Amino acid sequence: LQEVTASSRHYVDRLFDLDPQKVLQGVIDMKNAVIGNNKQKANLIVLGAVPRLLYLLQQETSSTELRTECAVVLGSLAMGTENNVKSLLDCHIIPALLQGLLSPDLKFIEACLRCLRTIFISPVTPEDLLYTDATVISHLMALLSRSRYTQEYICQIFSHCCKGPDHQTILFNHGAVQNIAHLLVSTSYKVRMQALKCFSVLAFENPQVSMTLVNVSVDGELLPQIFVKMLQRDKPIEMQLTSAKCLTSMCRAGAIRTDDPCIVLKTLPCLVRMCSKDRLLEERVEGAETLAYLIETDVELQRMASITDHLIVMLADYFKYPSSVSAITDIKRLDHDLKHAHELRQAAFKLYASLGANDEDIRKKIIETENMMDRIVNGLSESSIKVRLAAVRCLHSLSRSVQQLRTSFQDHAVWKPLMKVLQNAPNEILVVASSTLCNLLLEFSPSKEPILESGAIELLCSLTQSENLALRVNGIWALMNMAFQAEQKIKSDILRGLSTEQLFQLLSDSDVNVLMKTLGLLRNLLSTRPHIDHIMSTHGKQIMQAVTLILEGEHNIEVKEQTLCILANIADGTTAKELIMTNDDILQKIKYYMSHSNAKLQLAAMFCISNLIWNEEEGSQERQDKLRDMGVVDILHKLSQSSDPNLCDKAKTALQQYLA
1 LQEVTASSRH
11 YVDRLFDLDP
21 QKVLQGVIDM
31 KNAVIGNNKQ
41 KANLIVLGAV
51 PRLLYLLQQE
61 TSSTELRTEC
71 AVVLGSLAMG
81 TENNVKSLLD
91 CHIIPALLQG
101 LLSPDLKFIE
111 ACLRCLRTIF
121 ISPVTPEDLL
131 YTDATVISHL
141 MALLSRSRYT
151 QEYICQIFSH
161 CCKGPDHQTI
171 LFNHGAVQNI
181 AHLLVSTSYK
191 VRMQALKCFS
201 VLAFENPQVS
211 MTLVNVSVDG
221 ELLPQIFVKM
231 LQRDKPIEMQ
241 LTSAKCLTSM
251 CRAGAIRTDD
261 PCIVLKTLPC
271 LVRMCSKDRL
281 LEERVEGAET
291 LAYLIETDVE
301 LQRMASITDH
311 LIVMLADYFK
321 YPSSVSAITD
331 IKRLDHDLKH
341 AHELRQAAFK
351 LYASLGANDE
361 DIRKKIIETE
371 NMMDRIVNGL
381 SESSIKVRLA
391 AVRCLHSLSR
401 SVQQLRTSFQ
411 DHAVWKPLMK
421 VLQNAPNEIL
431 VVASSTLCNL
441 LLEFSPSKEP
451 ILESGAIELL
461 CSLTQSENLA
471 LRVNGIWALM
481 NMAFQAEQKI
491 KSDILRGLST
501 EQLFQLLSDS
511 DVNVLMKTLG
521 LLRNLLSTRP
531 HIDHIMSTHG
541 KQIMQAVTLI
551 LEGEHNIEVK
561 EQTLCILANI
571 ADGTTAKELI
581 MTNDDILQKI
591 KYYMSHSNAK
601 LQLAAMFCIS
611 NLIWNEEEGS
621 QERQDKLRDM
631 GVVDILHKLS
641 QSSDPNLCDK
651 AKTALQQYLA
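With the first letter of the sequence shown counted as 1, position 549 gets the number 549 in full-length UniProt numbering; the numbers rise by one all the way through.
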């Protein structure tokens, strides 16, 4: 290193010469030495060229020419490796360059912007550095009118530094839409392209921006029409793709209808074209991911995409080879594509998940695509977390099909890798994987048994204790599905796994979804007589406490109805009945709900009464007498006159028990 740096030292030494002309010549020679030479760039950074160049760039006494050449050299150093950019950032290059933008000289401003652009597009530069001083953004907006170079570089800086809603809002409030719109018709392709990229990041998942864009016009033409022109096949691919992304964001934000011809006839077909195997890897990835987002929530668009250009079969190629055969002549390209092949798999899984989100026929087509289930199973154990997440999403989408749960899912024992994924995955994977497990645990799914044997109860009980709401809901939901028409041993295992404390915790959860699913679980546990009696003999006291707690709480009609149905199930037990009959507080509550203003609650309360007074059962006489003394029969008479046919029938049936 010493020898190499010695030969570079004279470049740095000349920056300290007393003669400004020699300093300028030194900077120009340095510029010529570093172009395309990463080794030379690294040497000069090690030798301390950066602080001196920045000093000269900021000196009022330096000539404009010298300052401009310094900015050019710094830009060239930034073009090297990520480490170079880190070294420049450590020397506080960004504030120095932003200060330079206040100069009156356009050539110097352009050189500073070019260098800023190079630094900001590096992954090691924090985007927030652009937003630390509020005046910077408005100054950049003002510079947009100076030249095509300021337009290109500033748009590029904005599109790289706009990450998330906060940045979008800042740029939007500084007039980004109005200032950038007219650049879409610039004579320079680079300016048009960077302006388009700006709109694609500004509008992404942002209704405010999207709604504004729809009504903006440039030279009498509305933006959506300009975007559609940029989608045409004769335009460069990056332009087609980026305008498709703009229209997709606007459509998802509700600014353009999903049945608008510009979506159905232009955007969707353009994105499908991008999935073809003669496109480059990154184009195929971006095309598939954007299309997945476009059709994610609209069944008509899903159907349309599924029959465009044999898309479902075309996506199968995403798993085969990263590059098309014709591109293999370029060995560097092949190497790049092999390293990024996992991105193709991720994109294909995402798009399959969107395609199959609603339509049974599409799911069938996807599953019948060659080796599809094997591919998903392999995807579940890939090292890339993004591929695993996308594979789980795809599996979840397909698991909504009863037909597939009974066939393909069974043939491929999908539950095995799924249970493995659930062992120690990050939350975003856990949420989708546990939703899929809910579907695999439905009554008609043959996977139910083996999943139980592999320790699912313990896993699901632990999910119900998660801080994450979606995981709590899925954990309890899966247990509810598991308990449906299950044998007694399974029900006991669930109750043991959950523990009474946890059950109470879930019943007092602030989220109504968790509460409803927990009540659903209790209702499924308390079905069929022997099970009801068995569970109430071990957990009766706690369950009655829970029921009281909810009937007294501030809950909606659905919650109270579900709770009364649980009581009706308990009333159907042989020995369990006594827990209600000896609890005057609960009996009064049932009586109260018989006269409630809501018919659903009245009906649920009547189920409880019918089950308690049913004649053929032991002790029915005493129960009937006790309830008559409480005034239940009077209420039944009143209800038998009700205008609601359900209530009327139920009341008459109950009264017959008294007459029999």
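Treat the hints as calculated values from the structure; they're not laboratory data. Check each hint, because a few of them may be wrong.
Derived DSSO-like pairs (lysine-lysine); straight-line CA-CA distance at most 30 Å [what the hints assert, rightly or not]:
id : residue 1 : residue 2
1  : Lys365    : Lys416
2  : Lys277    : Lys107
3  : Lys190    : Lys31
4  : Lys86     : Lys107
5  : Lys420    : Lys541
6  : Lys541    : Lys638
7  : Lys277    : Lys266
8  : Lys86     : Lys31
9  : Lys235    : Lys277
10 : Lys235    : Lys339
11 : Lys277    : Lys420
12 : Lys420    : Lys332
13 : Lys235    : Lys320
14 : Lys86     : Lys386
15 : Lys320    : Lys266
16 : Lys365    : Lys386
17 : Lys365    : Lys320
18 : Lys386    : Lys364
19 : Lys638    : Lys600
20 : Lys626    : Lys652
21 : Lys365    : Lys332
22 : Lys266    : Lys332
23 : Lys386    : Lys420
24 : Lys163    : Lys190
25 : Lys591    : Lys541
26 : Lys364    : Lys332
27 : Lys107    : Lys190
28 : Lys320    : Lys332
29 : Lys320    : Lys190
30 : Lys365    : Lys163
31 : Lys277    : Lys320
32 : Lys448    : Lys339
33 : Lys332    : Lys448
34 : Lys320    : Lys386
35 : Lys416    : Lys386
36 : Lys638    : Lys652
From a predicted model like this one, the values you see are computed outputs, not experimental measurements.
Hint check results:
1. Lys365 to Lys416: With a Cα-Cα distance of about 24 Å, the restraint between Lys365 and Lys416 holds, given a limit of 30 Å.
2. Lys277 to Lys107: Not OK: Lys277 and Lys107 at ~44 Å, beyond 30 Å, violated.
3. Lys190 to Lys31: This hinted pair holds, its Cα atoms lying about 25 Å apart.
4. Lys86 to Lys107: Distance of about 26 Å is within 30 Å: holds.
5. Lys420 to Lys541: This hinted pair is violated, its Cα atoms lying about 37 Å apart.
6. Lys541 to Lys638: violated (33 Å)
7. Lys277 to Lys266: holds (20 Å)
8. Lys86 to Lys31: holds (20 Å)
9. Lys235 to Lys277: holds (19 Å)
10. Lys235 to Lys339: holds (29 Å)
11. Lys277 to Lys420: Status violated; Cα separation ~33 Å.
12. Lys420 to Lys332: violated (37 Å)
13. Lys235 to Lys320: Given that 30 Å is the threshold and the Cα spacing comes to 29 Å, the pair holds.
14. Lys86 to Lys386: Within the cut-off at roughly 27 Å; holds.
15. Lys320 to Lys266: holds (28 Å)
16. Lys365 to Lys386: Distance of about 24 Å is within 30 Å: holds.
17. Lys365 to Lys320: holds (19 Å)
18. Lys386 to Lys364: holds (25 Å)
19. Lys638 to Lys600: holds (17 Å)
20. Lys626 to Lys652: holds (19 Å)
21. Lys365 to Lys332: violated (36 Å)
22. Lys266 to Lys332: violated (34 Å)
23. Lys386 to Lys420: Judged against 30 Å, a Cα distance of about 16 Å means the pair holds.
24. Lys163 to Lys190: holds (22 Å)
25. Lys591 to Lys541: holds (21 Å)
26. Lys364 to Lys332: This hinted pair is violated, its Cα atoms lying about 39 Å apart.
27. Lys107 to Lys190: holds (19 Å)
28. Lys320 to Lys332: holds (19 Å)
29. Lys320 to Lys190: With a Cα-Cα distance of about 35 Å, the restraint between Lys320 and Lys190 is violated, given a limit of 30 Å.
30. Lys365 to Lys163: violated (37 Å)
31. Lys277 to Lys320: holds (10 Å)
32. Lys448 to Lys339: Judged against 30 Å, a Cα distance of about 38 Å means the pair is violated.
33. Lys332 to Lys448: This hinted pair is violated, its Cα atoms lying about 49 Å apart.
34. Lys320 to Lys386: At roughly 18 Å apart (the allowed maximum being 30 Å), Lys386 and Lys320 satisfy the hint.
35. Lys416 to Lys386: Holds: Lys416 and Lys386 sit about 20 Å apart, inside 30 Å.
36. Lys638 to Lys652: holds (10 Å)
Hints 2, 5, 6, 11, 12, 21, 22, 26, 29, 30, 32 and 33 from the list above are not met by this structure, while the remaining hints are.
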